[in-house]
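Turn these sequences into a full structure, and let the hints guide you.
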Amino acid sequence: MSHSSTHRCQEARIAQPPSGSLWVFGYGSLIWRPDFPFIEAHEARLYGYHRSLCVWSHVHRGTPDQPGLVFGLDQGGCCRGRVYRVDEASQWQVLSYLAERELTTAVYQPRYLWVHTDQGRQHALCFVVDKAHHQYAGALTPDKAALAVARAVGKSGRSLDYLAATLSELEARGLPSRHLQSILQQAQTLSCTDFAHTDCGELVQVPDVMKESL
Numbered sequence: 002m003s004h005s006s007t008h009r010c011q012e013a014r015i016a017q018p019p020s021g022s023l024w025v026f027g028y029g030s031l032i033w034r035p036d037f038p039f040i041e042a043h044e045a046r047l048y049g050y051h052r053s054l055c056v057w058s059h060v061h062r063g064t065p066d067q068p069g070l071v072f073g074l075d076q077g078g079c080c081r082g083r084v085y086r087v088d089e090a091s092q093w094q095v096l097s098y099l100a101e102r103e104l105t106t107a108v109y110q111p112r113y114l115w116v117h118t119d120q121g122r123q124h125a126l127c128f129v130v131d132k133a134h135h136q137y138a139g140a141l142t143p144d145k146a147a148l149a150v151a152r153a154v155g156k157s158g159r160s161l162d163y164l165a166a167t168l169s170e171l172e173a174r175g176l177p178s179r180h181l182q183s184i185l186q187q188a189q190t191l192s193c194t195d196f197a198h199t200d201c202g203e204l205v206q207v208p209d210v211m212k213e214s215l
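Numbering (my numbering), first residue to last: 2 to 215.
Quick caveat, the hints were computed from the structure, so don't treat them as lab data. Idealized CB from N, CA, C, for every residue including glycine. The reader is advised that the hints may include incorrect statements.
Here are the simulated lysine to any residue pairs, SDA-like style, with alpha carbons at most 25 Å apart [to be verified]:
id	residue 1	residue 2
1	Lys-145	Arg-179
2	Lys-132	Asp-66
3	Lys-145	Ser-183
4	Lys-156	Gly-139
5	Lys-145	Leu-176
6	Lys-156	Leu-191
7	Lys-132	Gln-76
8	Lys-132	Leu-114
9	Lys-145	Glu-172
10	Lys-145	Ala-166
11	Lys-156	Ala-100
12	Lys-156	Leu-181
13	Lys-145	His-180
14	Lys-145	Gly-77
15	Lys-145	Asp-131
16	Lys-156	Val-129
17	Lys-156	Thr-105
18	Lys-132	Cys-79
19	Lys-145	Gln-76
20	Lys-156	Gln-189
21	Lys-132	Gly-49
22	Lys-156	Gln-186
DEER-style ranges, computed between Cβ atoms [what the hints assert, rightly or not]:
id	residue 1	residue 2	range
23	Ala-166	Asp-66	18 to 26 Å
24	Ala-90	Ala-133	32 to 40 Å
25	Gln-110	Ser-178	20 to 28 Å
26	Glu-89	Thr-142	42 to 50 Å
27	Gly-21	Tyr-137	30 to 38 Å
28	Asp-66	Gly-21	42 to 50 Å
29	Ser-192	Gln-120	38 to 46 Å
30	Pro-143	Asp-88	36 to 44 Å
Right, dumping it as structure tokens:
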């Protein structure tokens, strides 16, 4: 493990995995774009949390003036996703990569939680939303969520494309969501609207403090 990798992981609050192998649970973009090496992957269920479009993004999928929305693990229910096993020789490089990708701010809390697969359960790294953080959007109405998704573009692309790609992958794996699909369809309609002639600014209030961090 290099000193730089160790430093980044410590700074980003990612601890060493409790077992020999690193397992990573994906529930959003990590399902369709993990972008790290792994040696096996399985469908998995995480109990006690659910997938929620509840995190403001104003770097990757939005800007400070027009933040987008991305997924977080919020308390309650069950989340079905995908878990990846990382080779022990690569785990610190992968942790360093995930720190840069997922932990640019403290809105996500890295935790090792039990996830369940058909092969048994594994202690996996999960990124849980901090409900006290100012980037936590909470339970937005479908109209407000759709508007934010429709308008936001960040350095990694449109919030709309992020949502569409995630829902497409979930549906392909037999995990459709009528609620999220409805938000996507509404956002797709709004994205074709000329917002210069639409007074939509009142729908989504963005705290000023959000504009001071990533």
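Failing hints, ascending?
-> Every hint satisfied by this model.
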